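Going line by line, the protein sequences match chains A and B.
Here the working numbering is used: the first residue of the first sequence is 1, the next is one more, and so on.
Here the working numbering is used: the first residue of the second sequence is 903, the next is one more, and so on.
It is worth saying that the hints were derived from the structure and are not from the lab.
Fair warning: this is a prediction, and the values are worked out from it, not measured in the lab.
Even for Gly, the Cβ is constructed at its ideal location relative to N, Cα and C.
Be a bit skeptical, because a hint or two may be false.
Unchecked claim - Computed list of lysine to any residue pairs in SDA-like fashion (alpha-carbon distance at most 20 Å, straight line):
1) A:40 to B:944
2) A:74 to B:966
3) A:74 to B:940
4) A:40 to B:941
5) A:305 to A:222
6) A:40 to B:966
7) A:40 to B:997
8) A:40 to B:968
9) A:40 to B:940
10) A:40 to B:939
Claimed, not checked - Computed far set for chain B versus chain A, every beta-carbon distance over 10 Å:
11) 922
12) 940
13) 977
14) 985
15) 991
16) 996
17) 1005
18) 1007
19) 1010
20) 1016
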Amino acid sequence: MTNTPMWRRYLRLFGPNVAADVDTEVAFHLDMRTQELIDKGWSPADARAEAVRCFGNRAAVTAECRGAGERRAKRQRTTQYLGEVRQDVSFAFRLFARSPAAAALIVLTLALGIGANAAVFSAAQAVLMRPLPYDRPEHLVMVWGKFDRLGLPQNFLSEPEYWDLSDSARTLDGLAAVGGGSGSNLTGVGAEPQRVTTLAATASLLPLLGVQPILGRTFSASEDRSGSARVVMLSEGFWRGRMAADAHVLGKTIQIDSVPYVVIGVVPDAFRFFGRYDLYVPLGFDRLYPAPREEHGLAVVGRLKAGATIAQANAELGSLAARLGKQYPQSYGPDSGWGLYTVSLYEQLVGDSRRALLFMLGAAGLVLLIASANVTNLLLARASVRERELAIRRALGAGRARLLRQTLTEGMLLGTLGGALGLLIAWWAASVFRGLEVSGLSRLDEARVDGTVLAFTAVVSLATGVISSLLPSLRLIGGRLSPRFALGGYGRSEGAANSRMRSILVVAEIALALVLLVGSSLMMRTVWHLTSIDAGFDAHGVLTFQVGLPQRLYGDRPSIVGFYQRALDRLRNAPGVQSVGTVSGLPLSAGGSSGTVFIEDTPVTNLPRAQAVSLPMLEADQRAVSPGYMEAMRMRVVRGRVFDERDQGGAPFVAIVDSSLAARVWPGLDPIGRRIAVDGVRNSNPPVMRWRTIVGVVEHVRQGSLDIVGREQLYMPIYQRLAIASAFVVRTAGDPASLVPLIRREIAAVDKGLPAYDVKTMEEVVGESVQTRRMMAGLLATLAILALLLAVAGTYGVMAYAVDRRVHEIGVRMALGAQRAEVLHLILRRGVILTAVGEAVGVILALGVTHAMTGMIVGVSAIDPASLCGAVVVLGTAACLAIYVPARRATRIDPLAALRES
Amino acid sequence: MPEPTLEVLKGTLDVLVLKALSWGAMHGYAVSRWIREVTDEALTIEEGALYPTLHRLERRGLLEAEWDLTDNNRQAKFYRLTAAGRRALRAETITWGRFAEAVRHVLTAKQRPVWARSS
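Model the full structure from these sequences, guided by the hints.
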């Protein structure tokens, strides 16, 4: 007791009642002083008065002493509490040091579980939670048009529509538009011509989004007019990367497609709107002579007026669209399902990723649950060893609350250590995410371990530590205080309650792991299904690249035709090339466009009709292709022929349709020889259609995305429908990547100012189109493997522990004549039953959970017998191995040694 | 003899208390009485001022306190020196000795400094 500070004894006697202590002390002084004076012969009343006088200001002294005392008492309580925490922590560390392997195993298990969660959280945070880098982003909306009955649920707007909105939409406080981003050839920066990406935007875009340039200024309204001075803003990345962050860049002139532009500003990289671009130029609207109403190419963003809701905006835009429909019937046919609506910008950017990422968070949560169950198991095993220690401590007077605090401190400490290690995993994973460049998950490249991720990890770590140590703690502390326990030996088989809890944990682990295995199998089968889907072309052995012809140099028909003919000729005759062609929009890439196709004659009556020309029509995907394209892509011709050198500009106009257009418009009939049109003859009133005769039918191609069949398709010869930007496809018998130097050389030989860009094999293009799902599949597979390992390790741990505890019993059994096979059976039975129950529960859970994956999985049912069976077999095999190893060890027990030991 | 000012006393009180307690554990009243008697009541201070001093010294760890019964069976708070308090007393005693010595030297100086003008 000598170590106990005096104040503790004092506190125990009187409690922390500082005020009463001071009063007692002062009263005692006055009484003693009074008595002293009485002893000297004073009268009691005078003595009292004199004592009080000598004491001085009693109230002030009392107040001062009380204040000081209370501060001290508080500090003492804190000191005591901290002292106890320190005691708990150092005790926990001593405990870990006594069995470092077990502690390391627990910390590692927690680190995997917590790390997986922190990693997925860092991705989810970057994509979903971080606010968009704009001013008051919650008020920003995208404005879209739609032609529901033409199969266009989300369509860009045209310039006249932009003006209509800007004039009459009362719910919108500002409006900006961007044209489709495009590639341009840049000269004047560096020696070589470069390919750059350019976004044309209205002057209002940056002020609307609240983005400040880091250098210079944004466009003025006067620069955003057709025919005004040409100005350009650079992106920060372009400015730093290609212009070495030139501080005097403002006022310099660069050549975009051989047209001079004056640099007026630099835009920060945090700003990005529908992707990253190198350069920004004004859109240059012309209010007096706007582009045609049917030319839908503008992405429009607006800011909701303060207090206005999306629903109000949609209602207003709905009536505006109806008014426009009446005013311009030739632009918006009554049967087209025309409308206008808004979507919040956040929804537009992250809407699709949200479910996938939340699903991944859920999957990571399951892994953490399995890890927790494992840790609980390990702690339970240790608890049975520690029962004696805790019983003794309780016998010596430690309260239950104090012991609970001790064991929970241990749990939190383990959680913290695991979390710290988990952060390393998250930090590494975030750097992997940043490098993935998954275009479907915008801002994934901003994933990092920041304050929010740290806070999340801290909370998860502590909670996991507490949760996984709670059961073992309660078990330890709730146990009856029996002397037999305290003095009893080690080596008895474990208690029934402990054993039951352990069994439940193993069942839960196996069930959860099975759910993850099934989920990841579904996702992998989806990717496998998509990449093996028959897209209507053969990607193997094809190299692709893009070439864009600057309008200034290729402004007329002969120059464009000349370029394509020379380039195709050179490539076709190059060594190793089997066939070559061009297409205005490469399948599974961003390119490609659709438009109205007018039909001269069809037996089908349910097609919409164009009013002005009174013709049946439908919206179809349209591509201009060169001779050789269909051969190079190995598209299958159903009827008729493909394009060849006959289909020149002066030749009869022809077209090829896909099997789905043929079936839709001429079901059961032969389309060859029938006529369609996509445009009219210029300057004719009434309109005269430019008819094209169908010369062939090809199989449908998945142009937009592998998982969407897509609308009907129409192909036209490039010389009869000129495109100034095209993708080249080059087929070779060998490795397509080996053709890269050759194609660069050949294109340079035709025009050395033209860069070939986006050079990829067609298989890479196909792969990139499924990269979001591929990433999901990879992530889910990683989590599932983690879950499998943890569950198997957990099962092994429980079985090995059970064998350890039964060494004596098994020894006795063997001494009494039990055969090795019987012992094996004894141990195996429990493990196999647990695994079977766990898998059964897991199958039921999986059937419920995989429902949430509809939409993410393609080509495979959410209830997929193959995935279920596969998961059951893989997990069952692994678990049986984990059971067999300790069971085998049980059969090796030497009965004599076992008996002697106890 | 004029009474010393309160300012001097406040600093002095600490060392007086430490000295009082160097004889053994005492309650506050006993400390005040000992100081009064030893100084022949020359240092007449307000007795109440002693208590904040005691509490301050306790907080600084120079004293420790314990409630106990007095000889006539009353509850009283007894203070005693801690090891730190004993060290502080030793240090203060030396400082006070030096200070008193220095003051004594000054007041008993016999030699007139050369730079003093004769009056």
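Here's how the hints hold up against the structure:
1. A:40 to B:944: Given pair residue 40 of chain A, residue 944 of chain B holds - Cα atoms ~19 Å apart, limit 20 Å.
2. A:74 to B:966: Since the Cα atoms of residue 74 of chain A and residue 966 of chain B sit roughly 17 Å apart, the hinted pair holds (cutoff 20 Å).
3. A:74 to B:940: Distance of about 37 Å is beyond 20 Å: violated.
4. A:40 to B:941: holds, 19 Å
5. A:305 to A:222: violated, 25 Å
6. A:40 to B:966: violated, 32 Å
7. A:40 to B:997: violated, 38 Å
8. A:40 to B:968: Given pair residue 40 of chain A, residue 968 of chain B is violated - Cα atoms ~30 Å apart, limit 20 Å.
9. A:40 to B:940: Distance of about 18 Å is within 20 Å: holds.
10. A:40 to B:939: holds, 14 Å
11. 922: Correct as stated: the minimum Cβ-Cβ distance to chain A is 14 Å, above 10 Å.
12. 940: holds, 15 Å
13. 977: Non-interface label on residue 977 of chain B violated, nearest chain A Cβ at 6 Å vs cutoff 10 Å.
14. 985: Residue 985 of chain B clear of chain A: closest Cβ-Cβ about 13 Å, beyond 10 Å.
15. 991: Holds: least Cβ distance 18 Å, greater than 10 Å.
16. 996: For residue 996 of chain B, whose nearest Cβ neighbour in chain A is about 28 Å away, the distance exceeds 10 Å, so it holds.
17. 1005: holds, 28 Å
18. 1007: Non-interface label stands for residue 1007 of chain B: nearest chain A Cβ at 36 Å, farther than 10 Å.
19. 1010: About 36 Å separates residue 1010 of chain B from the closest Cβ of chain A, which puts it past 10 Å; holds.
20. 1016: holds, 49 Å
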